[in-house]
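Colleague: Residues per chain, in single letters:
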Amino acid sequence: DVKVTQSSRYLVKRTGEKVFLECVQDMDHENMFWYRQDPGLGLRLIYFSYDVKMKEKGDIPEGYSVSREKKERFSLILESASTNQTSMYLCASGQTALSTEAFFGQGTRLTVV
Amino acid sequence: KNQVEQSPQSLIILEGKNCTLQCNYTVSPFSNLRWYKQDTGRGPVSLTIMTFSENTKSNGRYTATLDADTKQSSLHITASQLSDSASYICVVSARSGGGADGLTFGKGTHLIIQP
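Quick note, the sequences are listed as chains A and B, same order.
Here the first sequence stands for residues 1 to 113, where the numbers follow my numbering.
Here the second sequence stands for residues 1 to 115, where the numbers follow my numbering.
These are computed hints drawn from the structure, not numbers from a lab.
Possibly wrong hints are sitting among the right ones.
[What the hints assert, rightly or not] Listed next, the in silico DSSO-like pairs over lysine-lysine satisfying Cα-Cα at most 27 Å (straight line):
#1 K55(A) / K1(B)
#2 K57(B) / K3(A)
#3 K55(A) / K18(A)
#4 K71(B) / K57(B)
#5 K57(A) / K1(B)
#6 K53(A) / K71(A)
#7 K3(A) / K71(A)
#8 K71(A) / K18(A)
#9 K3(A) / K57(A)
[Unchecked claim] Per the computed footprint, the stretches of chain A lying under chain B, defined by three or more beta-carbons under 8 Å from a beta-carbon of chain B, are:
#10 36-42
#11 104-113
By construction, the Cβ of each residue, glycine as well, lies at the ideal position given by its N, Cα and C atoms.
When you get a sec, could you build the whole thing from the sequences and use the hints?
Modeller: Laid out in structure tokens, this is it:
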């Protein structure tokens, strides 16, 4: 079974803190994605990566950065957390970017206070 | 702009009843459509995928349909169970271009099954 593992289920951080969300997949997938999910807005793409050290902005990249130093690991970084970044963050990986067969992690519920 | 609209936004039904969730899309050119189930506090899990040539596909009590002419899909749940309570997300993939902007997500239907 494909496994996508996010480092934390729940996280509480203070405004202005630098926050790292880690994601690891074990299926040797080329593509990895970071989404945030908010009530009434659905999933919105923050960043994705189609190869090591490669990244592309999604729909809402402002306030975020990413890092992909190894194929299996994709990190989302909040440089200076703000309360409007309180959300559920979902990492996904997939074999091809166009396939909807994205495998999701269990999500990280981030609260910024 | 590619869009995926799901209806209803939320739905409450009694255990044992059937229900149908709708997904309308304007994604073009169409590649495939997938339904995901997302339990509360968990990541989405794939239920079924529909390609252009498929009209109906079943996965246990879940049956998905696709009408590529009208650009509509439905997910029918038969004999609902309490464990069906979840959000159901429709995701459509476009054939052209590359990258994750080829995926368009619906906002989901929140389904609650009451005993």
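Colleague: Hint by hint, say whether it matches the structure.
Modeller: Evaluation of the provided hints:
no., hint, result
1, K55(A) / K1(B), "holds, 23 Å"
2, K57(B) / K3(A), "holds, 25 Å"
3, K55(A) / K18(A), "holds, 20 Å"
4, K71(B) / K57(B), "holds, 16 Å"
5, K57(A) / K1(B), "holds, 17 Å"
6, K53(A) / K71(A), "holds, 9 Å"
7, K3(A) / K71(A), "holds, 14 Å"
8, K71(A) / K18(A), "holds, 23 Å"
9, K3(A) / K57(A), "holds, 24 Å"
10, 36-42, "holds (count 3)"
11, 104-113, "holds (count 5)"
Consistency with the previously given hints is maintained throughout, with no hint failing.
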